[in-house]
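J.: Position chain B relative to chain A; hints supplied.
There are 2 protein chains.
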Amino acid sequence: MRLGVDIGGTKTAAVVLGDDGEVLTTATAPSGRGAVDVVAQATRIARLAMAEVGGPGAITAAGACIPGLVDPAAGTVRHAVNLEVEHLDLARDLGAALGLVVSVENDVKSAALGAHHLSGLGAARTLAYLNLGTGLAAAVVHAGEVVRGVDGVAGEIGHLPFGGDVVCACGQTGCLETTASGTALLRMWPEAAAHDWDLVGAAARGDSAAVLAAASLCGGVALAVQVLVLASGAQSVVMSGGLTAMGEPLLEAIRAELRIRAASSPFLGSLALAERVSFLPAGVPVAAIGAARLTTPEVETATGGAAWRS
Amino acid sequence: MRLGVDIGGTKTAAVVLGDDGEVLTTATAPSGRGAVDVVAQATRIARLAMAEVGGPGAITAAGACIPGLVDPAAGTVRHAVNLEVEHLDLARDLGAALGLVVSVENDVKSAALGAHHLSGLGAARTLAYLNLGTGLAAAVVHAGEVVRGVDGVAGEIGHLPFGGDVVCACGQTGCLETTASGTALLRMWPEAAAHDWDLVGAAARGDSAAVLAAASLCGGVALAVQVLVLASGAQSVVMSGGLTAMGEPLLEAIRAELRIRAASSPFLGSLALAERVSFLPAGVPVAAIGAARLTTPEVETATGGAAWRS
Numbered sequence: 022m023r024l025g026v027d028i029g030g031t032k033t034a035a036v037v038l039g040d041d042g043e044v045l046t047t048a049t050a051p052s053g054r055g056a057v058d059v060v061a062q063a064t065r066i067a068r069l070a071m072a073e074v075g076g077p078g079a080i081t082a083a084g085a086c087i088p089g090l091v092d093p094a095a096g097t098v099r100h101a102v103n104l105e106v107e108h109l110d111l112a113r114d115l116g117a118a119l120g121l122v123v124s125v126e127n128d129v130k131s132a133a134l135g136a137h138h139l140s141g142l143g144a145a146r147t148l149a150y151l152n153l154g155t156g157l158a159a160a161v162v163h164a165g166e167v168v169r170g171v172d173g174v175a176g177e178i179g180h181l182p183f184g185g186d187v188v189c190a191c192g193q194t195g196c197l198e199t200t201a202s203g204t205a206l207l208r209m210w211p212e213a214a215a216h217d218w219d220l221v222g223a224a225a226r227g228d229s230a231a232v233l234a235a236a237s238l239c240g241g242v243a244l245a246v247q248v249l250v251l252a253s254g255a256q257s258v259v260m261s262g263g264l265t266a267m268g269e270p271l272l273e274a275i276r277a278e279l280r281i282r283a284a285s286s287p288f289l290g291s292l293a294l295a296e297r298v299s300f301l302p303a304g305v306p307v308a309a310i311g312a313a314r315l316t317t318p319e320v321e322t323a324t325g326g327a328a329w330r331s
Numbered sequence: 022m023r024l025g026v027d028i029g030g031t032k033t034a035a036v037v038l039g040d041d042g043e044v045l046t047t048a049t050a051p052s053g054r055g056a057v058d059v060v061a062q063a064t065r066i067a068r069l070a071m072a073e074v075g076g077p078g079a080i081t082a083a084g085a086c087i088p089g090l091v092d093p094a095a096g097t098v099r100h101a102v103n104l105e106v107e108h109l110d111l112a113r114d115l116g117a118a119l120g121l122v123v124s125v126e127n128d129v130k131s132a133a134l135g136a137h138h139l140s141g142l143g144a145a146r147t148l149a150y151l152n153l154g155t156g157l158a159a160a161v162v163h164a165g166e167v168v169r170g171v172d173g174v175a176g177e178i179g180h181l182p183f184g185g186d187v188v189c190a191c192g193q194t195g196c197l198e199t200t201a202s203g204t205a206l207l208r209m210w211p212e213a214a215a216h217d218w219d220l221v222g223a224a225a226r227g228d229s230a231a232v233l234a235a236a237s238l239c240g241g242v243a244l245a246v247q248v249l250v251l252a253s254g255a256q257s258v259v260m261s262g263g264l265t266a267m268g269e270p271l272l273e274a275i276r277a278e279l280r281i282r283a284a285s286s287p288f289l290g291s292l293a294l295a296e297r298v299s300f301l302p303a304g305v306p307v308a309a310i311g312a313a314r315l316t317t318p319e320v321e322t323a324t325g326g327a328a329w330r331s
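Chains as they are written, first to last, in this note's numbering: chain A, 22 to 331; chain B, 22 to 331.
Because the hints were derived from the structure by calculation, they are not lab data.
From the three backbone atoms N, C-alpha and C, an ideal C-beta is built for every residue, glycine too.
Please note that a few of the clues may not be correct.
[Claimed, not checked] Beta-carbon label-pair distances, calculated as ranges:
| no. | chain 1 | residue 1 | chain 2 | residue 2 | range |
| --- | --- | --- | --- | --- | --- |
| 1 | B | GLU273 | A | ASP41 | 55 to 63 Å |
| 2 | A | THR31 | B | GLY143 | 53 to 61 Å |
| 3 | A | GLY222 | B | ASP110 | 51 to 59 Å |
| 4 | A | GLY222 | B | ASP186 | 30 to 38 Å |
| 5 | B | PRO211 | A | HIS216 | 36 to 44 Å |
| 6 | B | ARG280 | A | THR81 | 45 to 53 Å |
[Claimed, not checked] Partial chain B-side listing against chain A, Cβ under 8 Å, derived:
| no. | residue |
| --- | --- |
| 7 | THR46 |
| 8 | THR155 |
| 9 | ARG169 |
| 10 | VAL174 |
| 11 | ALA175 |
| 12 | GLU177 |
| 13 | HIS180 |
| 14 | LEU181 |
| 15 | CYS191 |
| 16 | LEU249 |
| 17 | ALA255 |
| 18 | SER286 |
| 19 | PRO287 |
| 20 | LEU292 |
| 21 | ALA295 |
This is chain A alone, in the form it adopts within the complex (with noise of 0.2 Å):
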């Protein structure tokens, strides 16, 4: 059996796989704050889980996902700001407490692993798991494995500049997150909370924010499909996040967008945009998931640039 941490902004979620990837058990509980309350919540979490099985005796493999700029070699993240965790050695400090090997990974590639089990798609196949959350990432499953990039850096489309003029969090002007993501929705449309984040609604009725802001996530969301398909290599495009929970309303509007794109365009439509995307049902713990089938990579002896053979 395996054992997978989702260490969440707001909550943190255990669950148990069993040995066919079935969900044994999951227990879900608030959140710590600060490294030393982070480790300890999830410990708690963790064991509560286990206790349900047995115990950590039957538990052969362990791992733990968490927000900000994770080294999955060296089992440490940086920067969870939301937690309150400037720097925590979190495969040592949570595989201490347990008294497992704990294997780490970010929030957003874990659920990228969890969704590419959950899809039931083998290791042949491209997967993208794109977060419409606070703000926009994605990551993607290739050949059985999260895409890593520089320093964990890929997925991060939320910060590719396609225009407009809000300047972004990370200084460049135009980022895709100032389209398509829950603080743009909430720029746009402040009024989200009183209409229910019924956005789709509201839009129907003409409230004239509503449309303006519909138009600008899902013409921004259709641009992440478009990229995640054509520059890296996605066959099938898998949405989760706060946003989602607009449900099939919300992705009944992306499919009518990139059903428009592909009549401008024989390309796209020969792409089959609208039937590549789908949104994670509600309540699965897909980064959980995902956590538990981490593995720990070996430490990459990597140069910089391509050094031409003579």
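T.: Chain B alone, transformed into the frame defined by chain A:
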């Protein structure tokens, strides 16, 4: 020894690689036109190269690349427009003519494999090959293999619509290819040939069209590099194609643009993009070298989107 044949729009090149991957011999001549002539000329040039190393008996693997829509599993190519080829069973016809089993791939993807081989970077490193030719196209080698995506579309970043009002041949408006490609350059700076294609020099001398064209080209290439690093996970970006004949001045202008962008964003700055780009040395038969390293994939029995496991 391995044989590689690059059937280009104007010329066909054949190489034989030794057991250590070194180029033992090269032969080049104009490409044929039409399916029959394309194969006949490729056969002739391949035999010339093999004759230098004792004939086909010593060849243990062979591959060929060609522009157009290639299906490596079927061994076929469609829409190789410049070669006047609508459909060709290249693996079958060239294989029969040479008496060898021949694997086939698209030319840009083959060049990416060749560039990865030449770079000396191991399979653990992700390399992007960016072709600055008549159009703009890329391919990515990850885990030692080229990423194909939907019907081989992975890497077609020239058709990401990033802004501007120029209608692209693909039907979309504002594709990256409309700002950064040979076609785009000639549209913006029709006097290119009269200035011996010295874009950077002409811009430095104050040629106003050259100034604007250089800004568009370098901005578009810089954005392409960002896409390849942030979306595809590339750790190095190797450029080749006709425009790279402008050499060091163009490479330095691209690096300057990347440094300007890095200065605006600590996030981008941390990626050191200017240090990750290089031009492939002129005259290297990179696509033929990649072709020599091709293998034929299994036929994929693919499903459409993700089918969620219950």
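J.: Kindly indicate which numbered hints from before are broken by the structure, ordering the numbers from low to high.
T.: 2, 5, 7, 8, 21
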